[in-house]
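All chains should be modelled from the sequences, with the hints used to inform the complete structure.
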Amino acid sequence: MSAPKGPSLATLLMAFGFPLFVLLAVVTGFLIAEQGGLAALSVPDEDAETPSADAATLARGEYLARLGDCAACHTARGGKPLAGGRAFRTPWGTLYSSNLTPDPEHGIGRWTAAQFRHALAHGVGRSGLLYPAFPFESFQHLSADDADAIFAWLRQQPEVAGAPPENTLEGLAGWRPALIGWRMLLHRPWALRFDDARGEAWNRGRYLVEGIAHCAMCHGERGRLGALDRSRRFVGGRILGQGWVAPPLDRESLAHWSRDDLAGYLRTGVAPQASAYGPMAEVVGSSLRHLTESDARAIAEYLLSLPPLPQRPAPPARPARQTVGPASTALYEKHCADCHGRDGRGRARVYPPLDGNPQVVASDPVNLMRVVLFGAAPPTTPGNPAPHTMPPFADRMPEADLLAILNHVRGSWNNDAGEIPPYQLRQARALPLE
Amino acid sequence: MRLFALLALMAFALPAGALPDLDDEAMAERLAACAACHGPRGEGAPGSEYYPHLAGKPAGYLFAQMQGFRDGRRHYPQMVYLMRNWDDAWLARIASFFAAQPGVVPRHAPPPVQSAADRSRAETLVHEGDRGRELPACASCHGPQLQGREPGVPALAGLPTDYLIAQLGGWMTGARHSIEPDCMARVVARLDPAEVRRIATYLAGLVPEPDSRPLEASAEPLPLDCGGATRFDPARGVAP
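First to last, the protein sequences are chains A and B.
Under numbering that gives the first Met the number 0, residue 433 is the last one in the first sequence; the count climbs by one each step, no gaps.
Under numbering that gives the first Met the number 0, residue 239 is the last one in the second sequence; the count climbs by one each step, no gaps.
Everything labelled a hint here was simulated from the structure, so no lab data went into it.
Do not rely on the hints blindly, as some may be mistaken.
What the hints assert, rightly or not - Heads up, incomplete: computed chain A residues facing chain B, CB under 8 Å, no partners named: (1) Arg76; (2) Gly77; (3) Lys79; (4) Gly374; (5) Ala376; (6) Thr379; (7) Thr388; (8) Glu433.
Idealized CB from N, CA, C, for every residue including glycine.
Okay, here's the thing in structure tokens:
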């Protein structure tokens with residue numbers, strides 16, 4: 000008896016393998032096209048093109064490099080400017096910024112203008128695919144002229160020999176070619192086009208916000224594998240690797256800001272509505288303080304025009320208002336009222352208001368807890384060279400008193416936020432300060 | 000309204016980053032965060048056993064320490080967190096403010112009791128050093144009463160024991176650095192941990208005079224080359 004004769008392996012492969020192969024090829028081709036096509040992945044060859052380096056170009060390059068805050072990420076603390084090596088903690092391990100000085104060995108000394116433009120536009124550099132910690136999703140919007148000006152300015156900076164430490168990323172994240180997969184699934188280039196229906200200033204503001212200033216890197220919501228969701232790029236949320244929340248940016252969240260106040264805040268770090276603390280203090284102190292007044296106003300105009308997006312619903316909590324009483328009022332008046340006022344209205348540009356302050360009533364109150372626990376200081380800027388500070392209270396009173404004060408400010412005046420439970424305060428205490 | 004416009008105009012007429020004139024009260028108001036651990040005028044805060052006082056210390060020393068926290072030569076997360084976005088001009092102003100405050104008699108708990116033998120060994124090292132080990136006396140730079148020296152050498156008398164041990168230990172383990180040449184790193188490298196404890200306990204037990212001020216800058220070179228102790232510019236601090 001012979002076994003019933005089934006289809007041979009070759010027949011099977013012909014029947015299923017070939018269509019499967021075709022399907023795979025089509026899907027791969029489609030996804031490669033979606034992430035910018037093969038052109039995005041191929042770095043331009045060497046060319047002799049030298050961008051113009053006249054004084055005006057260099058000045059523009061320097062201004063843009065400051066707005067892009069290149070030096071903040073590409074300089075280690077106390078290290079040589081732009082020599083790289085600043086550590087970025089991510090859920091996948093630690094990443095170190097690269098050397099941006101004109102050093103031929105470790106920096107961009109051998110790069111051409113076309114290669115620099117390509118890296119900004121596509122996130123693919125001379126040495127290969129770049130991690131999305133480099134904000135190419137914003138820098139793709141830079142004009143070629145502006146990219147060239149930045150490159151020209153960088154080329155004039157002092158050379159620093161030396162490579163940053165090796166990244167310590169785990170699993171697939173540590174294998175650079177895997178970024179192709181990441182890009183196929185998650186990177187979707189898009190273009191800004193001048194909106195004729197809006198004025199010059201609004202378009203300039205959008206160009207800066209969406210491009211060089213890369214606001215979405217912190218103010219956007221990160222989804223799968225750390226990718227920014229384009230449709231939720233100003234929705235706010237926890238900043239990756241840092242115990243801070245970036246507030247949402249849209250006309251409803253910013254309804255209590257005037258255009259002048261917002262423009263002033265960007266340049267000075269203080270406004271009647273808020274002072275810049277934490278990561279925003281760094282951004283203002285090293286970057287936005289250099290904004291021209293007209294660019295600051297352009298950014299404010301654009302931000303105040305953005306349509307609001309639905310926030311993630313906050314988990315239900317007991318209203319903090321229920322904890323407000325004579326005991327919490329006495330604590331508030333003893334420790335807080337001298338500066339923030341019994342009415343919680345603060346003092347314009349000196350002590351931020353607490354009444355109606357979105358950071359005070361935020362559903363994720365981490366910024367409020369941090370500022371009360373560890374204190375806070377706005378950056379020094381030409382417009383605010385001698386800033387007022389918030390003292391740290393972490394070791395000055397028992398936990399119960401800290402909670403009473405926190406919940407007092409969340410439930411007093413017009414504020415009606417949820418109560419902070421003790422465990423949340425303990426979590427905030429454990430946050431890294433640096 | 001007109002007055003406001005005028006004031007605003009004046010504010011913009013200032014050169015970029017120029018600091019306004021601020022009296023002591025205005026400075027103390029701005030530095031509420033410092034007061035929590037160091038006292039409103041840098042005199043030390045009750046219950047803050049570990050934290051050093053700042054009042055009356057040489058401005059160049061205070062400036063170099065703040066710059067060190069900001070730029071990564073010194074490590075204390077709470078300090079770094081509060082100062083990392085401040086420029087040199089503001090740090091120099093803060094240093095001058097605390098330096099100008101009256102010297103203080105520290106209020107922290109007395110140091111642990113020291114045996115007579117330990118005390119005498121510490122006293123010898125502090126005031127005479129040890130030629131055999133090329134170890135200069137603390138007093139040769141920090142002053143015969145350990146009252147400090149302009150512009151960059153701090154007073155040591157009466158600092159908290161724990162604080163002194165932590166700082167000397169920091170140089171020993173490489174956690175604390177001064178501007179190069181880092182003379183204190185070289186001094187501490189010649190000490191052993193038992194000596195560090197002995198010296199710290201002895202220094203913590205010295206009670207400075209109520210009106211003690213740092214010595215004038217030395218005309219002679221100090222026994223060691225110290226990068227952090229050279230010069231101080233009240234408008235800009237000093238470049239490392």
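**Q.** Contradicted hints - numbers only
**A.** 3
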